[in-house]
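K.L.:
Full structure from sequences and hints, please.
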Amino acid sequence: MKVEAGIFEGTAVFAFVVAIVYGFWAQEPIGTTALVLTGGLALLVGTYFRFVSRRMEMRPEDDPEAEVSDGAGELGFFSPGSYWPFGLAAGCALVGLSLAFFHIWMLVGATVVVILTIGGLLFEYHRAPQKH
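Just so you know, we're using the numbering used here here: the sequence shown kicks off at 318 and counts up by one.
FYI, nobody ran anything at the bench for these hints, they're computed from the structure. Treat the numbers as computed from the prediction; the structure is a model and nothing was measured. Note that beta-carbon positions come from the ideal geometry of N, C-alpha and C, so glycine has one too. One or more of the hints may lead you astray.
Estimated spans, in silico, between C-beta atoms of each pair [claimed, not checked]: (1) I432 x R371: 31 to 37 Å; (2) V334 x L433: 43 to 49 Å; (3) M423 x E378: 38 to 44 Å; (4) E384 x I421: 51 to 57 Å; (5) P446 x F331: 51 to 57 Å; (6) L433 x G390: 33 to 39 Å; (7) G340 x L361: 18 to 24 Å; (8) D387 x G323: 18 to 24 Å; (9) A383 x G340: 41 to 47 Å.
P.N.:
Structure, rendered in structure tokens:
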């Protein structure tokens, strides 16, 4: 995760430098604030990745001498044919749309859709114990 930390920290430095240049050149506070906040968020993520990389063992992605075969193997379980992510994305899109146009009635319904689809996604493969 050191590579990812370096990418985000480099992005943060770039955003801070651009914010300074933009602030002096354009004399416009909104863009400067946006660039400073972008740099701050990138620095936050980069610092988190740096702390996490200290606690975990070295991955093949972090080893400059690694071969492609070092990263082979099972990465985890991914559901082959689930419709829950589509429902979750649709619910999140509805939440964003309702916030953009300030439709509280739609926000309530979209939030219910998001909560239900998160539950469906989490418990997709959960089976209740047999009752006999």
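K.L.:
Against each hint, give a clear statement of whether it holds in the structure.
P.N.:
Going down the list of hints, with the structure as the test:
1. At roughly 36 Å, the beta-carbon separation of I432 and R371 lies within the given 31 to 37 Å, and the hint holds.
2. Hint check: V334 to L433, Cβ distance near 45 Å, so the stated range 43 to 49 Å holds.
3. Between M423 and E378 the beta carbon distance is about 42 Å. The supplied range of 38 to 44 Å therefore holds.
4. Between E384 and I421, the C-beta spacing of about 56 Å keeps the proposed range 51 to 57 Å intact.
5. A beta carbon spacing of about 54 Å between P446 and F331 agrees with the range 51 to 57 Å that was offered as a hint.
6. Between L433 and G390 the beta carbons are some 35 Å apart, a value that agrees with the proposed interval 33 to 39 Å.
7. In this structure, G340 and L361 meet the distance hint of 18 to 24 Å, their C-beta atoms being roughly 21 Å apart.
8. In this structure the supplied range 18 to 24 Å holds for D387 paired with G323, their Cβ-Cβ distance being about 20 Å.
9. At about 42 Å, the beta-carbon gap between A383 and G340 stays in the expected band of 41 to 47 Å.
Going through the hint list in order, the structure satisfies each hint without exception.
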